[in-house]
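2 protein chains.
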Amino acid sequence: MGELAPRRLPTILFLGLAPIGGWFIIRPLLEPVSLPALFTSFGLSIFAFLSTIYLVPALGPAFIKANLKGRDLLKTSDAPIPESLGLVCASVYIMTLLLFIPVAFSETFSKSPGFTREGIVVTEFPLHQLSVYLSAILSLLIATLLGFLDDVFDIRWRHKLPIPIIASIPLLMVYFAEGGNTNVVVPLPLRWLFGPLIHLGPLYYLYMSLLSTFATNSINILAGINGSEVSQAIIIAVSLILNDLLYLPWSMGFRLPIHLLGNDTEIEFGGVWRAGMAYGSKIMVERHLLSLYFMLPLVAVCSGFMYHNWFPARAFPGDTLCYFTGMAFAVVGIQGHFSKTLLLFFLPQIFNFLLSCPQLFGLVPCPRHRVPRFDKDTWLLSPSTAKLERHSQLITIILRLFSALGFVRLTTDATGRITETTNLTILNCILVRLGPMGEKQLVKTLMATQVAGSVLAFVIRYGLARMVFDGDRR
Amino acid sequence: MGELAPRRLPTILFLGLAPIGGWFIIRPLLEPVSLPALFTSFGLSIFAFLSTIYLVPALGPAFIKANLKGRDLLKTSDAPIPESLGLVCASVYIMTLLLFIPVAFSETFSKSPGFTREGIVVTEFPLHQLSVYLSAILSLLIATLLGFLDDVFDIRWRHKLPIPIIASIPLLMVYFAEGGNTNVVVPLPLRWLFGPLIHLGPLYYLYMSLLSTFATNSINILAGINGSEVSQAIIIAVSLILNDLLYLPWSMGFRLPIHLLGNDTEIEFGGVWRAGMAYGSKIMVERHLLSLYFMLPLVAVCSGFMYHNWFPARAFPGDTLCYFTGMAFAVVGIQGHFSKTLLLFFLPQIFNFLLSCPQLFGLVPCPRHRVPRFDKDTWLLSPSTAKLERHSQLITIILRLFSALGFVRLTTDATGRITETTNLTILNCILVRLGPMGEKQLVKTLMATQVAGSVLAFVIRYGLARMVFDGDRR
Numbered sequence: 000m001g002e003l004a005p006r007r008l009p010t011i012l013f014l015g016l017a018p019i020g021g022w023f024i025i026r027p028l029l030e031p032v033s034l035p036a037l038f039t040s041f042g043l044s045i046f047a048f049l050s051t052i053y054l055v056p057a058l059g060p061a062f063i064k065a066n067l068k069g070r071d072l073l074k075t076s077d078a079p080i081p082e083s084l085g086l087v088c089a090s091v092y093i094m095t096l097l098l099f100i101p102v103a104f105s106e107t108f109s110k111s112p113g114f115t116r117e118g119i120v121v122t123e124f125p126l127h128q129l130s131v132y133l134s135a136i137l138s139l140l141i142a143t144l145l146g147f148l149d150d151v152f153d154i155r156w157r158h159k160l161p162i163p164i165i166a167s168i169p170l171l172m173v174y175f176a177e178g179g180n181t182n183v184v185v186p187l188p189l190r191w192l193f194g195p196l197i198h199l200g201p202l203y204y205l206y207m208s209l210l211s212t213f214a215t216n217s218i219n220i221l222a223g224i225n226g227s228e229v230s231q232a233i234i235i236a237v238s239l240i241l242n243d244l245l246y247l248p249w250s251m252g253f254r255l256p257i258h259l260l261g262n263d264t265e266i267e268f269g270g271v272w273r274a275g276m277a278y279g280s281k282i283m284v285e286r287h288l289l290s291l292y293f294m295l296p297l298v299a300v301c302s303g304f305m306y307h308n309w310f311p312a313r314a315f316p317g318d319t320l321c322y323f324t325g326m327a328f329a330v331v332g333i334q335g336h337f338s339k340t341l342l343l344f345f346l347p348q349i350f351n352f353l354l355s356c357p358q359l360f361g362l363v364p365c366p367r368h369r370v371p372r373f374d375k376d377t378w379l380l381s382p383s384t385a386k387l388e389r390h391s392q393l394i395t396i397i398l399r400l401f402s403a404l405g406f407v408r409l410t411t412d413a414t415g416r417i418t419e420t421t422n423l424t425i426l427n428c429i430l431v432r433l434g435p436m437g438e439k440q441l442v443k444t445l446m447a448t449q450v451a452g453s454v455l456a457f458v459i460r461y462g463l464a465r466m467v468f469d470g471d472r473r
Numbered sequence: 000m001g002e003l004a005p006r007r008l009p010t011i012l013f014l015g016l017a018p019i020g021g022w023f024i025i026r027p028l029l030e031p032v033s034l035p036a037l038f039t040s041f042g043l044s045i046f047a048f049l050s051t052i053y054l055v056p057a058l059g060p061a062f063i064k065a066n067l068k069g070r071d072l073l074k075t076s077d078a079p080i081p082e083s084l085g086l087v088c089a090s091v092y093i094m095t096l097l098l099f100i101p102v103a104f105s106e107t108f109s110k111s112p113g114f115t116r117e118g119i120v121v122t123e124f125p126l127h128q129l130s131v132y133l134s135a136i137l138s139l140l141i142a143t144l145l146g147f148l149d150d151v152f153d154i155r156w157r158h159k160l161p162i163p164i165i166a167s168i169p170l171l172m173v174y175f176a177e178g179g180n181t182n183v184v185v186p187l188p189l190r191w192l193f194g195p196l197i198h199l200g201p202l203y204y205l206y207m208s209l210l211s212t213f214a215t216n217s218i219n220i221l222a223g224i225n226g227s228e229v230s231q232a233i234i235i236a237v238s239l240i241l242n243d244l245l246y247l248p249w250s251m252g253f254r255l256p257i258h259l260l261g262n263d264t265e266i267e268f269g270g271v272w273r274a275g276m277a278y279g280s281k282i283m284v285e286r287h288l289l290s291l292y293f294m295l296p297l298v299a300v301c302s303g304f305m306y307h308n309w310f311p312a313r314a315f316p317g318d319t320l321c322y323f324t325g326m327a328f329a330v331v332g333i334q335g336h337f338s339k340t341l342l343l344f345f346l347p348q349i350f351n352f353l354l355s356c357p358q359l360f361g362l363v364p365c366p367r368h369r370v371p372r373f374d375k376d377t378w379l380l381s382p383s384t385a386k387l388e389r390h391s392q393l394i395t396i397i398l399r400l401f402s403a404l405g406f407v408r409l410t411t412d413a414t415g416r417i418t419e420t421t422n423l424t425i426l427n428c429i430l431v432r433l434g435p436m437g438e439k440q441l442v443k444t445l446m447a448t449q450v451a452g453s454v455l456a457f458v459i460r461y462g463l464a465r466m467v468f469d470g471d472r473r
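Chains as they are written, first to last, in numbering that gives the first Met the number 0: chain A, 0 to 473; chain B, 0 to 473.
Here's a subset of chain A near chain B, in silico, CB distances under 7 Å, partners left out:
no., residue
1, Leu129
2, Val151
3, Pro169
If you are wondering where the hints come from, they were derived from the structure by calculation, not from laboratory data.
Yeah, the Cβ is synthetic: ideal placement off N, Cα and C, and Gly gets one too.
Build the full structure now, drawing on both the sequences and the hints.
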């Protein structure tokens, strides 16, 4: 039991970070700065990080007492580990977003008299954006509540699927009430067929709910080892933050050598007037600011939680974490109008989903847990397997293809019939390719994959996308 | 166990009500009506009632399985009864409010071309009110989540108190961001001292959070017998609905004989131009419409739940019900700017709170449960008691006063020292006054008290209030 005592927290952490957070929060009140609310958001995020990192171990025993606990399948100890601590992250996250409301939307904070700024001025959010912001928090809160209910009631797989759709109802309702546009920009090669814009109409609402469903569940099915869910969330959130920063009015300009990525011109970032990639569009600056306001605290609470969820885990995230982080991504993708860019940051999740399809849809038997197999002597993980009894020709073709690509390892009997396959997840796929490894090594490899996916996403978005989209983004 | 099977639901209920609900929802689309959104709200409420009455028994077993169960202290059976079913009511309630958004706030539904109406026209809510509405739903959702966490984690009494304050944060933040007014109208007799308006400033926010805390906890401490929490909520909600109806533009005018209540003039209600008590103020009509949109579905879900919570109860509300209903009352009181009127409908709760104070603040010992004592032979309830060991002179005076007023029954020893008192709740008080009675009789008496309180509230508000307030309501 001793080894499962909460991970220790250095006192210096609080003493060092609290003043920094405080300084960021009061900075805009002391002297005029460009983008004052962004300073406050960053300061609040530091406190969100501190709250999470201290609250998770403090509340762990209460979760165990309320029977929210599990044992770690990939360890030798049977000690109970508190489960569903994603609830703590979600609560801190939502509280941070709520406390941010007066800063972002009230006139008191944003109007600094006798002070003019050059360039694109986004001192305050227009009040009409408040309902958009509130609908996003409502969606997050519903996702949190439903995720927690899932942990408490252990809802069946098929009943879980509509949960993100329910959670996206506030988004959809407010979007509709505000008369939001339901057009989608058509890629250049397809314009001869559809024209430059497709009016999706009601289908746009379907698209939004499917995006929520995908963002939520794709993180949820890439789970099972210490730190896997939360590290994905952090890397995706950081990628979105980097992307948002390209659209802000920086006080200095800079260039990225985008021509190396196959683009024909260099792109100038920064510049108070052009605001980088926003090309002088105030509304685009606002959208990416909104995204930052959601992503900064998300990285904060996830980092605080990761400290306790890192191998060997002292706390489990539960479904709650996957639901609220997935919903947060869907929210910024939809409200920032960059859902296609968002999906690019989900490349490993998309790969994992496509790989999983034969098992998710019941073509290949799907065991209760598909986590890698744990060898309690060597502490190494190796691919877990699923036995195939009888299967169609289609399955043979798919599995042979996966095997040829190196995604799975098959076992065949004397007649050449497939009797066993490694489970169809990215984790098992990594183990098939790189051989057995420790759990910590595996989560690091998974994180490297996610980072590589984000790099590829940037290449596609800013290199190749010019070939399929012009500057027209609505 | 047989007696605890879910209460049966007549098939005619669904078959009869569903078409009526559907008709109310589509009515405004078929032909122009005055206040179209109110029709839809009423129709949605009928479906909310049906959803609750069918979902509560259907989900009960899942709650028992998740260890959310209790036994009825005032029955002879030990069979487990599902607890926290208030969560189902809250979920249906919030979903109804969300689905109502496009109806109340979008232009699609409210603009009927080629159709003009005489009088005060409130066809649609202004879009800027959407954020107020959303902040109310956020507060309700937080109250629900925290109430459910209370049920799961069994939070200690002292830690519970700030919960309604946390839940009111969205209300406060949005009120601040919108630059809401923080003035309170001063009663006439005090105007020589304070002037007509007091600018409360930051204290107004304290006032709002205290109102939430009071509305929530006052229902929570008047609990313990089958149907008590939910019946209070229904009676308060119906009183608020009746009050709201006085401010709507009715197509016919009518008079109430208010002079009988001590008023000097008769008041004319109704009339499309004057809109009853709104005296031609469009904003007051809007506020009371907003209140109706929150209260109609509240009555609906509470009625649906009461069917199963009625003696002998098949389902318990849990703290969740008290939290979300209390928050709903606080929300309409704050956002409708009639918090003083709201408090008048809480007269029995205020009495119960004041009576409870000596026990709540530890002057008199407070047992874990203060519910009346159950005699399992006669099935009658009699007042439960608390033993006093040593106590101050102050307590003697208070208890002697309560005893003289007939609120408690005291037991004294030979020296005249008080050794025992009946517990300080309105339920025990009723039993002291009227003698032992069955649980069903007691809850009916409690309901009668609540109705009497509401009648008195109307007398005070529309009869006596003219002596202390003029028409100036800000």
